[in-house]
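Now for the letters of each chain:
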Amino acid sequence: MSRMQAPGRDAGREENQREAARQLQAAWAVPRGSRYWTEVNNTQIGIWYAVVAFFFFLFAGVLALLMRAQLAVPGNELLDAGTYNQLMTMHGSAMMFLFAVPILEAFAIILLPDMLGARDLPFPRLSAFGFWSFLFGGVFVAGSVLFDAGPQAGWFMYPPLTSDTSQSGIGVDIWLLGLTFIEVASIAAAIELITGVLKSRAPGMRLDLMPPYAWYLLVVGAMILLAFPPLIIGDLMLEMHRAFDWPFFDAARGGDPLLWQHLFWVFGHPEVYIIFLPAVAILTMVVPTFARTPLVGYPWVVLAAISTGFLSFGLWVHHMFATGLPSLSLGLVSAASEAVAIPAAIQVFALIGTVLVGRTIRSVPMLFAAGALAIFVLGGLTGVMVAVAPFNWQAHDTYFIVAHLHYVLFGGMVFPLFAGLYYYYPKITSRIMSERAGRVAFWLMFAGFNIAFLPMHLTGMAGMPRRVFTYSTDLGLDGLNLVSTIGAFVLAAGIGLVVLDALRCLRRGRDAGANPWRAGTLEWMAAMPGASKLMRCVPVIEGRYPLWEQPGLERAVARGDYYLADAPQGLRETLVTTVVDAEPLQCLRVPGPTSLTIFAAAAFAATFIFATFHWVWAAGAAAVATLCVLLVWLWTGTGRIPEEPMRDVGMGLSLPVYVSGPASIGWWAMLITMIADQSAFLALVFSEFFYWTVATPAAPAPASGPLLAGLLAGALAWVLVIASRHLTGRDRPSPARIALLAGALLAVGCAVLLVVSLRTAGLDPSSSASAAMAATFVLWCSAHLAIGIVMLLFCLVASLRGRLDAKHDGDIRIVLLYWHFLAFTLLVSGLVLAARGAS
Amino acid sequence: MSPRGDVHSGFRGSETDADRRHWGGRPRHLLHAPVIWALHFGFVYGASALFCAGRGTDIETTRILVLVASVLALALLVATCIPAWRLRRRLGAETPTSSRRERRFLAAITLSTCALAGFAIILGTLPALISTSCS
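If you read the sequences in order, they're chains C and S.
To convert, note that position 35 of the first sequence is 36 in our numbering; the numbers rise steadily by one, no gaps.
To convert, note that position 20 of the second sequence is 552 in our numbering; the numbers rise steadily by one, no gaps.
Simulated from the structure, these hints should not be mistaken for laboratory data.
Ideal placement from N, C-alpha and C gives every residue a C-beta, glycine not left out.
Each hint should be verified, as a subset may be incorrect.
Unchecked claim - Simulated restraints, written as ranges between beta carbons of each label pair: (1) A807/C <-> R633/S: 37 to 45 Å; (2) F651/S <-> P646/C: 51 to 59 Å; (3) A611/S <-> W636/C: 43 to 51 Å; (4) L599/S <-> A463/C: 52 to 60 Å; (5) A611/S <-> P300/C: 21 to 29 Å; (6) A463/C <-> S665/S: 43 to 51 Å; (7) L661/S <-> F245/C: 43 to 51 Å.
Unchecked claim - Facing chain S, from chain C, some residues (calculated, C-beta under 10 Å): (8) L312; (9) V318; (10) A336; (11) T694.
Given these sequences and hints, build the entire structure.
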């Protein structure tokens, strides 16, 4: 083992170190003035993201207070029914889509880079795009309430109420399209988180040494990929129903409103865990720090995270217990609903065990953590109750459910989030929030919450229905309702106090220093001096709590003894490591500030907003604008050939700057995107089979001749893309280009033939749900073919401009990966459509 | 602590390529139990929807289908478990290195996800065993 020269002896070396530090600060400097908003660094984006999401929390909270004010006394006339319905719908929708998911993603992109020892996650521009999409979409959706145009049908948007345009106004379109847009942003964040956790951990941070937080976020990212796409499919189907009269949910034309409930809840139930897991993840970071001991049962917690992740997909039907499903299905889902209590309990016991084993210090974050566990356990117990079908039928649509879900969400998400706010506030602002104000705020929140929601168990059991704007005094629940309202305002007072204290402490808070809680994880390592809070260099990790277990680590990092201690070309760089062992693999150039992400999000938002008002041409133009901005973004920001192939990252190691295939993060991002895409496709296939099981009249079949010819053209195109990738690999550019062009032409032919197969059979999508499904499959394939064609032409231009050769074949390999999935999609769609002809 | 100059060549420890490929200690094995559970769940749900509601009400057919699926799913879980169990024991007997600890950790998680998925599968089979009719 060779030891490096002791630092500080050589004046020249010190000067070099100072110069290297100056380079790093310059490369990562946040732009000033109006260009400030073009920053894309994840930490910065995460802070904006969190602030905006928290603002939506306050907004949705005010809506809740208005509802509670309305319900304070029976027969109240403060709000009319329509307004109340808008507030109720927006409260749920905003809390779920505009607060809970985004703020936890924001926490993740702020914390993960430092926690993993990365300078940044691999796709900062994608995060920036996600943030701007979220901002535009969120303002659009939430703002609708202010113009009395908000959706009124509840956050679950059940048809036939919502598929009937005469009974539900533009609010439903705003909800469907605005939130679909935000779901796209969430999927973008999931891609960033998964790739980040898998590929940008500090060298040596093996899977068993990752902070538990990273494990949780990995699971949550995977859940987002699988859960959000079915809802996007549902949203699009419902919007097609409303806009073009494709009768997916119209029973008279072979549709079924229950299909929407399946698609919604197969998203909606995992959604609860998508917000619960990252919040518990915060607790797994907070509790060990104050217990002064490593997390008890780390492997058990990882097991719990993974198994909660998969079991949560087996619970969706328990939201549909009252819809008349066969008792066997109810039993199956009831069993899965109870099984999920096991991993939930493992997590609670691991946290309690950590407190018992350690020498726990009292603090405001721990107070919130304790409150979270107490509330969550109560919510979990009522959860097991409502998992039992017969009890569920009794409690269905009553305030008992309102109480249950708020106990789960406050205990499982809000209180952990506030624990995280108090815990990480010093990391972000370098100041500590007031201990005294924190205690008062906690007790106000804890007491207010229980005063508000505990009585709802009783009102619910006594028969108070939920989602009603008023009630009669005959119910005999006046007193309990008034108590709930008082509690809601006490809770709000507590939250208000936290907000005021957080604002006050930005300037007046006590100075925190680098590691005020004396935590052991990497995110609390002292940053190098300078405006950008940067780690001096990327360390080698040997334990789960490096600051506790690796003495001298901070000094060695501060000296710049490890990797990437300089930025000689003034570029932002981070290390890419292998998935399992975290061996250094690549020195990744991370893109810097750009306004492209803002333009892309704005154009994309315009597409959805115009579509809401059914301005088809304007929406089409905005979609083309989005595509143009994305192409500029891809052309200028990705796949560039570096001037020097290798970069000396320090410690005697040189790493390639350009890698392709599975070694590259772009390939992983495509793989992850396509998993989400396949999840959406699976939802389509599920819908087809769903109609089949409810035995709708004979499904119309597309014309078999053009269908087969189209599929054959698609298969040939796929083979040509494979050929082009191999020809590129052998440095034979001309045939490779011909293959690309021919592939693109065949893909056009495939799309045209698929459409012709519908036309020839005289299939009218508005005639029946089944015909609409056939058209949807063709539309889905055609849209994917169009994207595939753009990709092939992009590679063709890249090849002609000398950016694609045997050594730099990243683009074509990513495109080929897309085409593998496209070929699979075509195959399955072909089988589904051909099966209609056979049956 | 001083960083080691040779650290980046030492990430693999003394592990050979054969070790790295060894069945039972890779991250993808963590997905086996969830996938088996999901397939089983989807099958049971589909079988109930088809044979107990949509296209017929035959509890006996459903019961047999569910039982066969459950036995198959449990057998697949056992097949995932055995190599993970062996790997865990083999690595436990050797001098621990960071690489071996990681493999052992992954094998342990594979085993425990199998156990939980097995429990969930048995729980999901019970309604088909207990129910006397489809309604």
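Violated hints, by number in ascending order, as checked against the structure: 4, 6
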